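Trainee: From first to last, the protein sequence lines are chains A and B. At position 69 of the first sequence the residue is numbered 69 (our numbering), and the sequence of numbers has no breaks. At position 297 of the second sequence the residue is numbered 297 (our numbering), and the sequence of numbers has no breaks.
Derived by calculation from the structure, the hints in this document are not laboratory data. Note that the coordinates shown come from a computational prediction; the quantities given were computed from them, not determined experimentally. Any given hint might turn out to be false.
Intra- or inter-copy, both count: the list cannot distinguish identical chains.
Here are the simulated SDA-like pairs of lysine to any residue, each with C-alpha atoms no more than 20 Å apart in a straight line [unchecked claim]:
1) K301 x A345
2) K221 x D184
3) K312 x A79
4) K117 x N361
There are 2 protein chains.
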Amino acid sequence: MPPPQQTVTYRLAVQNLPGMLTRVTEVIDAHEAVIVGSDRLDAQRHVIIRAISVEVRDDVQAAALGADLQGLDGVELLAIDDDVIDAHLGGKIEIANRRAVDNAHDLSLVYTPGVAKICRAIAADPVEAYRLTIKSNAVAVVTDGSAVLGLGDIGPLAALPVMEGKAMLFKSFGDVDAYPILVDDQDPDTFVDTVARIASGFGGINLEDIAAPRCFEIEGKLRQRLDIPVFHDDQHGTAVVALAALLNAAIVVDKPLADLRVVIQGIGSAGVAIANLLAAAGITDLVGVDRDGIIQPTRSKGLDPIRRRLAKQTNPRGLVGGQREALGGADVFIGVSGPESLPVAHLAVMARDPIVFAMANPTPEIHPDVAADHVAVMATGRSDFPNQINNVLCFPGLFRGLLDAAATKVTDEMKVAAAEAIAAIVGDDLAADHVIPSPFDRTVAARVASAVADTARRQGHVRPGSRGSLEEEAAAAAHASARRRIAD
Amino acid sequence: MPPPQQTVTYRLAVQNLPGMLTRVTEVIDAHEAVIVGSDRLDAQRHVIIRAISVEVRDDVQAAALGADLQGLDGVELLAIDDDVIDAHLGGKIEIANRRAVDNAHDLSLVYTPGVAKICRAIAADPVEAYRLTIKSNAVAVVTDGSAVLGLGDIGPLAALPVMEGKAMLFKSFGDVDAYPILVDDQDPDTFVDTVARIASGFGGINLEDIAAPRCFEIEGKLRQRLDIPVFHDDQHGTAVVALAALLNAAIVVDKPLADLRVVIQGIGSAGVAIANLLAAAGITDLVGVDRDGIIQPTRSKGLDPIRRRLAKQTNPRGLVGGQREALGGADVFIGVSGPESLPVAHLAVMARDPIVFAMANPTPEIHPDVAADHVAVMATGRSDFPNQINNVLCFPGLFRGLLDAAATKVTDEMKVAAAEAIAAIVGDDLAADHVIPSPFDRTVAARVASAVADTARRQGHVRPGSRGSLEEEAAAAAHASARRRIAD
Chain A
1 MPPPQQTVTY RLAVQNLPGM LTRVTEVIDA HEAVIVGSDR LDAQRHVIIR AISVEVRDDV
61 QAAALGADLQ GLDGVELLAI DDDVIDAHLG GKIEIANRRA VDNAHDLSLV YTPGVAKICR
121 AIAADPVEAY RLTIKSNAVA VVTDGSAVLG LGDIGPLAAL PVMEGKAMLF KSFGDVDAYP
181 ILVDDQDPDT FVDTVARIAS GFGGINLEDI AAPRCFEIEG KLRQRLDIPV FHDDQHGTAV
241 VALAALLNAA IVVDKPLADL RVVIQGIGSA GVAIANLLAA AGITDLVGVD RDGIIQPTRS
301 KGLDPIRRRL AKQTNPRGLV GGQREALGGA DVFIGVSGPE SLPVAHLAVM ARDPIVFAMA
361 NPTPEIHPDV AADHVAVMAT GRSDFPNQIN NVLCFPGLFR GLLDAAATKV TDEMKVAAAE
421 AIAAIVGDDL AADHVIPSPF DRTVAARVAS AVADTARRQG HVRPGSRGSL EEEAAAAAHA
481 SARRRIAD
Chain B
1 MPPPQQTVTY RLAVQNLPGM LTRVTEVIDA HEAVIVGSDR LDAQRHVIIR AISVEVRDDV
61 QAAALGADLQ GLDGVELLAI DDDVIDAHLG GKIEIANRRA VDNAHDLSLV YTPGVAKICR
121 AIAADPVEAY RLTIKSNAVA VVTDGSAVLG LGDIGPLAAL PVMEGKAMLF KSFGDVDAYP
181 ILVDDQDPDT FVDTVARIAS GFGGINLEDI AAPRCFEIEG KLRQRLDIPV FHDDQHGTAV
241 VALAALLNAA IVVDKPLADL RVVIQGIGSA GVAIANLLAA AGITDLVGVD RDGIIQPTRS
301 KGLDPIRRRL AKQTNPRGLV GGQREALGGA DVFIGVSGPE SLPVAHLAVM ARDPIVFAMA
361 NPTPEIHPDV AADHVAVMAT GRSDFPNQIN NVLCFPGLFR GLLDAAATKV TDEMKVAAAE
421 AIAAIVGDDL AADHVIPSPF DRTVAARVAS AVADTARRQG HVRPGSRGSL EEEAAAAAHA
481 SARRRIAD
């Protein structure tokens, strides 16, 4: 059964008598719904007004539970509020001023006439924008709405709530100022032209929910055209977190990373990126599988340009056949495909101590309970099982680091460094059911940021003269130290 | 002399003896600089650390004053901080989350899995985006950087500090969430295509600092293509506030608005918009003037398409000649042209009680002190003289109203309504030196918003089914009333 999809809040007028709340919770229990919060809104002599938030599967269950609550003696159902809708009313993000504009003096500093000096400074040296404007901390979250969650091609406007949610995570976890940009055109070249023309106001571009194979072309062309990092989170965020989990899982099963035989099922945006990043991390025995079987050059069906390239780069032992043939002797199965597509019987042909990352969402390739007895390490994309592969472990810290370094691009080395930083946080707590930190571990983003920024500086992919370059860092440190001396 | 262009803060270590601060302020006075603030940062037995913020004309004066302060016995200059630069470090705006994302439950409401329900709702009915996303309150502040302040064509990146400042004013005065969008292309069609493709995430478009005549074409085409309001503030914001001031100035000189003979000098973006809006407000005797003289069909020089159209629509008395001929018998001079371009002698040929709006910035067409004895009402764009024509009186409230109504466009009627609302605020305080409210009068935006939203609804330019439409308002009111009844 998938996890609850929504939370509703029942507002109830309950008779002020002993035991009434228990009768209410009994009804909720009978529906196998979970109470997430309860507030007493008002208490009068004879009646108490309560708001009880409950996780339910869907609107049907919410209504049925509401009817049963209304049917209780001494209970009146005042309203059923949908917590998800309430959380979205008026949008989830807003603009905040970093300083006040309360009087003419404030205005003269942040607007005319003072601002002209800042404009002239940037016109004379564009790198000043990294110091004196929001470009220093701004990321565009860009989508065409062509592959939104599991909903498919619903268009950019309907994708806006996801982009806002992403922006919230950027801010909350990485203190990155991300803004949703909806592009109303799905032609790759038009999309690229549009994004390239509005990119200069941002320090980075996070592509989001763009369908494969279009996403590969778009990302590649934007990377070529722009001098700021371009990152398609559905590809590379997933790959970074999967690599992080795999680094630790390999330790758990005591196998060297480079020796792992890895099967990747699902050749969409995430699958291709995972294959590339695992190769960059030193894994050589990778086999790709899709619904037509193993990706290899002699197969007759479905070899598009992406798969043809993958066929050349992977499958070093020249396997042919389907999922079962791919899994023979494999150490790792990574699924970014469809629900319940990995039969438990196929786990038996894998090498000892199989590692299974079943990341299809919300229904994994194989249910953790079904796989439990046959695998050494199990991970999913779900929050209600151990080892959640969640992109939020990567993107806020990654972009924090890219912005801190005023990076000009994001490289495989930076992604590997991010994965290593995520994996390292688990540390002494490493265990089969704990190969990856919790998405709410607030230490992750800073560690990822630091690893990414260091790598960017070491690789020289930082803007000369910006606050992110090594020379400038040194100069700034010297300056700060001088100021402290003066102030002492 | 133009007003001070910047503020610097001198950090001084001053001997802790009586009279030392006076010696410091005497030096500042001697430079004719103005102290805007003073803080004692630290006090020890023998020395006091002070931060003194001073308005100066330029860096040269700042340095000279610093040197004189350093030269004082018992004073050591620790640092000179540039307040404008300090106010811009890291950018002036940021993203804020409207609710917390602290745990898995929060995440399930604002991101997956909950958000899917909102996406589906918008996919089924796009108008839901006006209720459930930031589109309900978002305005893009869009520029190509081609006519930035008095700096000219410095490009979009160098214009970003102005756009951020604009966004601050939108938020501070109108609670509008405005975000800067820089378009790196000055071809009008490319610009229009780019903006049109990213417009769906916004509830309105504020064009900013785009050069004439390109701005007319861009605005016209975007208005045709988009179903959200498009407003070029340099044109229409200026026109609305000028009309507001003129409505009150006409009362001061006791002349009916419709009978005024008005000369508009400067046929850029603002001049054309002022001519159009004054015509929409009922003024029929308008005469345009530029450096080649009166805009009229028989003149041989500089009649581009914009001026040709203006020549047909204005100058009903068929005047020919230059500024002096235009001003003969005129009631009003509105300058949106260049510095010191209106000789005081020409005021003498105007009708009784001349009204002069000399809006060139920072140096007006005629200095208020020079004009004083010859005019009945004088206004400028400057904050250091009475009657400042400042766009901030218009755009935050105008867009607040457009968003409140979920308006599909902005019309001349809405602009006139905005001007009337601004003018009405002056009320009983109306006087020759007070024809327009202070830019910091916080009552203005709400009054303008209400007038604009009402006009939008009356004209039917609101989105059917949105919270802004009359039907929906009524339904929402009924719903709220029902809820209150239940809660009582």
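Trainee: Look at each hint and say if it fits the structure.
Mentor: Status of the hints after comparison with the structure:
no.: 1; hint: K301 x A345; verdict: neither (26 Å within a copy, 88 Å between copies)
no.: 2; hint: K221 x D184; verdict: both (18 Å within a copy, 17 Å between copies)
no.: 3; hint: K312 x A79; verdict: neither (60 Å within a copy, 63 Å between copies)
no.: 4; hint: K117 x N361; verdict: between (51 Å within a copy, 15 Å between copies)
This entry does not satisfy hints 1, 3, going by the numbered hints stated previously.
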